[in-house]
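A.B. asks: Below are the chains, spelled out letter by letter.
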Amino acid sequence: MVMGNAREGQVWITIQTHQNIVAVASLKDLAAIIIVKGLSPDPDTIEKANIENIPVLSTTMDTFNITGLLFELLKKE
Amino acid sequence: MKNYRADLHIHTTLSPCGDLEMHPVNIVSQAAKKGLDIIGITDHNTTRHCPLISKLAAEKDIFVLMGVEVTTKEEVHCLAFFENTDALNTFQEFLDASLPEILNVPEIFGYQVQVDEKEMIIYEEPRLLVNAINKSLEEVGAFVHALNGLFIPAHIDRKKNSIYSQLGFLPDDLIADALEVSRHSVPGQFAAAHPEIKRFALITSSDAHYPDNIGMTPTGLILGEPSFSEIKMALRGEKERRIMLL
Numbered sequence: 000m001v002m003g004n005a006r007e008g009q010v011w012i013t014i015q016t017h018q019n020i021v022a023v024a025s026l027k028d029l030a031a032i033i034i035v036k037g038l039s040p041d042p043d044t045i046e047k048a049n050i051e052n053i054p055v056l057s058t059t060m061d062t063f064n065i066t067g068l069l070f071e072l073l074k075k076e
Numbered sequence: 000m001k002n003y004r005a006d007l008h009i010h011t012t013l014s015p016c017g018d019l020e021m022h023p024v025n026i027v028s029q030a031a032k033k034g035l036d037i038i039g040i041t042d043h044n045t046t047r048h049c050p051l052i053s054k055l056a057a058e059k060d061i062f063v064l065m066g067v068e069v070t071t072k073e074e075v076h077c078l079a080f081f082e083n084t085d086a087l088n089t090f091q092e093f094l095d096a097s098l099p100e101i102l103n104v105p106e107i108f109g110y111q112v113q114v115d116e117k118e119m120i121i122y123e124e125p126r127l128l129v130n131a132i133n134k135s136l137e138e139v140g141a142f143v144h145a146l147n148g149l150f151i152p153a154h155i156d157r158k159k160n161s162i163y164s165q166l167g168f169l170p171d172d173l174i175a176d177a178l179e180v181s182r183h184s185v186p187g188q189f190a191a192a193h194p195e196i197k198r199f200a201l202i203t204s205s206d207a208h209y210p211d212n213i214g215m216t217p218t219g220l221i222l223g224e225p226s227f228s229e230i231k232m233a234l235r236g237e238k239e240r241r242i243m244l245l
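Protein chains in written order, with numbering that gives the first Met the number 0: chain U, 0 to 76; chain V, 0 to 245.
There may be inaccurate statements among the hints.
What the hints assert, rightly or not - The calculated DSBU-like cross-link candidates involving lysine-lysine, where the alpha carbons are at most 30 Å apart (straight line), are:
id, chain 1, residue 1, chain 2, residue 2
1, U, K27, V, K159
2, V, K158, V, K231
3, V, K158, U, K27
It should be emphasised that the hints constitute simulated quantities derived from the structure, not laboratory data.
The shape of chain V in the complex, shown without the other chains:
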């Protein structure tokens, strides 16, 4: 059993708000520099950069949790992670079918570009990815779980696009694998002020949009080895796998 440093919320150049330096090669080299063992790739409503980053990271012994930061109908941001590219691609189809046909204006919102390992732009996403998809929090959560994925409402402490800011309070019957507290709050303090979150595992992550942010407020994961199923066990506190807030 070993303690792995994980930053499970990182944006790339595909997110309009992501810096153009957040291309796959640079994310992996920054993650290595910051001593991260596990990174989560979570662009707004797209998973397209995950397979390449996963491949590049493996060469540096970094495990990638492939995922996305979904904007639900209620404009709540939620992280979703998948075990393999089949599930990831199925979820991508779900996102493509659920995202409104509103085009990005790069001069206003920023560029949404997919970059290859030679740092060349190979695709530009035409639709504005930060928009809300037409599926509810519950519908997104249920579909993620149908694909055996992990569902984690993001930055629940924030005053916008969080489950609290959009819905007023945590729904009683919320099904989630963990909740994420942003780097702007201390998880222990937030949990003390919100006793209703006690039944959930908590993680902290950087929500990095710039290279310098990568690795800020990481989460420690006690695992046998870095893998999707081990991380799932750690979130559930099973078989001595667990989360250690750093």
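Next up, chain U with everything else stripped away, as it sits in the complex:
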């Protein structure tokens, strides 16, 4: 789904922590990955993210709340 729909420069909010998220983000030139619900990226995900220079952020919020928060912030601009 992300492979088909994501566009360059977007931030990807996901519950997936597998190393493949870095490759997908790199391929689609995404700005960053945000992992939700306090989950940590798998160890090889961090390793790949450092190589590919993809920022991987983590939040304790769930997808609904982090998306809402970002939406509100962007709306103010």
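Since chain U is already given, all that's left is putting chain V on it; use the hints.
C.D. replies: Chain V alone, transformed into the frame defined by chain U:
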């Protein structure tokens, strides 16, 4: 060396989506009727029906590959098979410790029952077995291999719960003994469209949830005799043992 007909992906009444006619006695009689020599028993996240089916099948000269269809953290379905009940039981403990405590609602998801050889229900699994366990694809694969088992990502051609649907593409460093293509695709065509799977052995199986499905798109295995180690050799193409897609 002989060609054995194998269907390595069969669900039982323990899988909520498995038909109530998929009890051990009936699976074995259907497998015999379909001319199968080898069957794989692979319920969602449980191995509890394997020993009985293995015993019943042996009486009809059918070899059982005892296993499970694991749902990994990424919601990728993977088949795992073990050589003996010790390894199987160790893996069952791993599954019990990794499955979330979410109860099944039989009216919605279906019954998850263990049935004995007299066709009586002897156990009902309370937790919903189709849920993802809290272990990654790599962690599951590594544990299966630590137990000398076989690790085979399931129905890789499907649009849900497959390695492609969940991860976008095959991880470069994937360690697997084979990949399974479902009965909804032609393995040769799928392989032609996905050259990266060339380094893996391919099998096809029925993923049967109903008795009629058993034996659809079986895999031919050229073996000296039906056994775990011979099947392992066939997946690796060693000593003239090999896979023959039917």
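A.B. asks: Hints first: check each against the structure and report whether it holds.
C.D. replies: Taking the hints in turn, this is what the structure says about them:
1. Only pairs whose Cα atoms come within 30 Å are accepted, and U:K27 paired with V:K159 is accepted, the gap being roughly 22 Å.
2. Taken as a hint, the V:K158 and V:K231 pair is honoured in the structure, with Cα atoms around 28 Å apart against an allowance of 30 Å.
3. A C-alpha spacing of about 21 Å is found between V:K158 and U:K27, which places the hinted pair at or below 30 Å, so the restraint holds.
Taken one by one, the earlier hints all hold for this structure without exception.
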